[in-house]
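Undergrad: Chains as they are written, first to last, in this note's numbering: chain A, 153 to 395; chain B, 153 to 395.
It should be emphasised that the hints constitute simulated quantities derived from the structure, not laboratory data. As the structure is a computational prediction, the values presented were derived from the model and not from experiment. Virtual Cβ for every residue (Gly too), placed ideally from N, Cα, C. Any given hint might turn out to be false.
As the list claims (entries may be wrong) - Some but not every residue of chain B turned toward chain A, in silico, with C-beta under 7 Å:
id, residue
1, Val-196
2, Leu-203
3, Val-217
4, Thr-253
5, Leu-258
6, Met-260
7, Glu-314
8, Thr-357
9, His-358
Protein chains: 2
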Amino acid sequence: MWGSPVASQAMGESEPQSQAKAPSQRVRVRRAAGRGRYGKSDVVGILDAGLIAHVGVLTPEGPLVLPMAFGHDGDCLFLHGAVANHLLGTGDGQEVCVTVTCLDGLVMARTPFHNSMNYRSVVVRGRARRIDEEERKLYALRLVTDHVVENWDAGRPPTRSELRKTLVLEVPLAEASAKVRSGDPSDEPEDMAGPWWAGVVPVTTHFEPPTSSADLNGDADPPASVAALSGLSSDERLKSGDG
Amino acid sequence: MWGSPVASQAMGESEPQSQAKAPSQRVRVRRAAGRGRYGKSDVVGILDAGLIAHVGVLTPEGPLVLPMAFGHDGDCLFLHGAVANHLLGTGDGQEVCVTVTCLDGLVMARTPFHNSMNYRSVVVRGRARRIDEEERKLYALRLVTDHVVENWDAGRPPTRSELRKTLVLEVPLAEASAKVRSGDPSDEPEDMAGPWWAGVVPVTTHFEPPTSSADLNGDADPPASVAALSGLSSDERLKSGDG
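Just chain A, same shape as in the assembly (with noise of 0.2 Å):
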């Protein structure tokens, strides 16, 4: 499904396919190289529009990968805390491996076999870093909290106390690379005249409007910008929001 060997299209939101090369052979795009985008727009563009990041790590038991939030700085990816120190155990300066994926659609082929799907993704290999800085820790934070909705200066900052208990790591940027599918499917040209259906159904991620908490008390509104995410697209809030 995901790997039939169709040349990539511009994404309509992205820029033309990037000339710049792979930065290292393990983040090299090798199935459908194609598709593979290693300027650093398209980067994080795709890490600006996605919305959870999957990290691997490898655990005594074997690989593990985990959902997580995230956020980056166009030079580092940040990784909240909890989860990371689950991942981590205590040490840092493990290689991880940060995948995004933005889903953009089904592609229904006229067979099963050139079936695939459009999607955005970036893989971001490295060695992962915990932070100690307090201040650094209290930048990586505020990028992971506003990744997808700025909100960091709506409610309480962080005391001493909950900054030291929170975990913070970052991955370099330096090795990431993004693959892109967009577009029609790619059929045999002896099934073109055949009774078959082929197209795209786009998939799209949406905010629906916010629900206040039932233990508010009072009448505080939603942030403005988390009011305004409602209705919009993940890609979309890109556009309206000034985040």
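Chain A is already provided as a structure; the job is to place chain B on it using the hints.
TA: Then chain B, alone, in the frame of chain A:
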């Protein structure tokens, strides 16, 4: 974000929290253990709802996580070939971790320290086996193809040669666990009287109306199952279809 110590509530569409035990130590939920669910229906319900899997393997250059299409029959999870080939090289029998996540909401607390996400996720750990038997390969490919929406029978069946070229892997569901977070944020008692808003922004994944391929000659319509997806969320499709 992802790991605040909130007791989970039963999700709208899942069964009450299962009392089943973890099938193995390595899939036992450790962070926020109250959110762990080990019943087969818990695991299968989330696999049914999910659209893509993130598959982790160990490569000579460290862990690697890639997005993949998948299907399952309740006993085994099936992964489609082209990417599987890339992941697993020529051999089979390698340990993998397959994680499927449905993101349900942004959980925004009175302080970002207690921000979280509502989600349903499944983690499957086990050895991937390459399927060599032609009949089982067809069985698995049909399950992968029909996982999101039934469309196998609407297209041209694969030829023998296409089938030979397709690598399909199976991973037993024997070692799987689910983790679910739902409901409101959980704030500190001393923050309750504060001026801050708290609540949830629901996140849904929708199917848009299908678009026909530019190279579609003739007047073929999308299969009824595909047309029926239009406007549904990924969860709603489970209630409306027979798939």
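Undergrad: None of the hints should be skipped; say for each whether it holds.
TA: Each hint, compared with the structure:
1. Checking Val-196 of chain B against chain A by beta carbon gives a least distance of about 19 Å; that is not within 7 Å, so the hint is violated.
2. The closest approach between the C-beta of Leu-203 of chain B and any C-beta of chain A is roughly 6 Å, which is under the 7 Å cut-off, so the hint is satisfied.
3. A hinted interface residue such as Val-217 of chain B counts as satisfied when its beta carbon comes closer than 7 Å to some beta carbon of chain A; here the least separation is about 4 Å, so the hint holds.
4. For Thr-253 of chain B, the suggested interface contact is upheld, since its CB lies about 4 Å from the closest CB of chain A, less than 7 Å.
5. For Leu-258 of chain B, the interface hint holds, since its Cβ comes within 7 Å of a Cβ in chain A; the closest pair sits about 6 Å apart.
6. Here the hint on Met-260 of chain B is kept, as its CB sits about 6 Å from the closest CB of chain A, short of 7 Å.
7. The restraint placing Glu-314 of chain B at the interface with chain A holds, with a minimum CB-CB distance near 5 Å, inside the 7 Å limit.
8. The restraint placing Thr-357 of chain B at the interface with chain A holds, with a minimum CB-CB distance near 5 Å, inside the 7 Å limit.
9. Restraint check, His-358 of chain B versus chain A: the minimum CB separation of about 5 Å is within 7 Å; hint holds.
When held up to the earlier numbered hints, the structure conflicts with hint 1 and nothing else.
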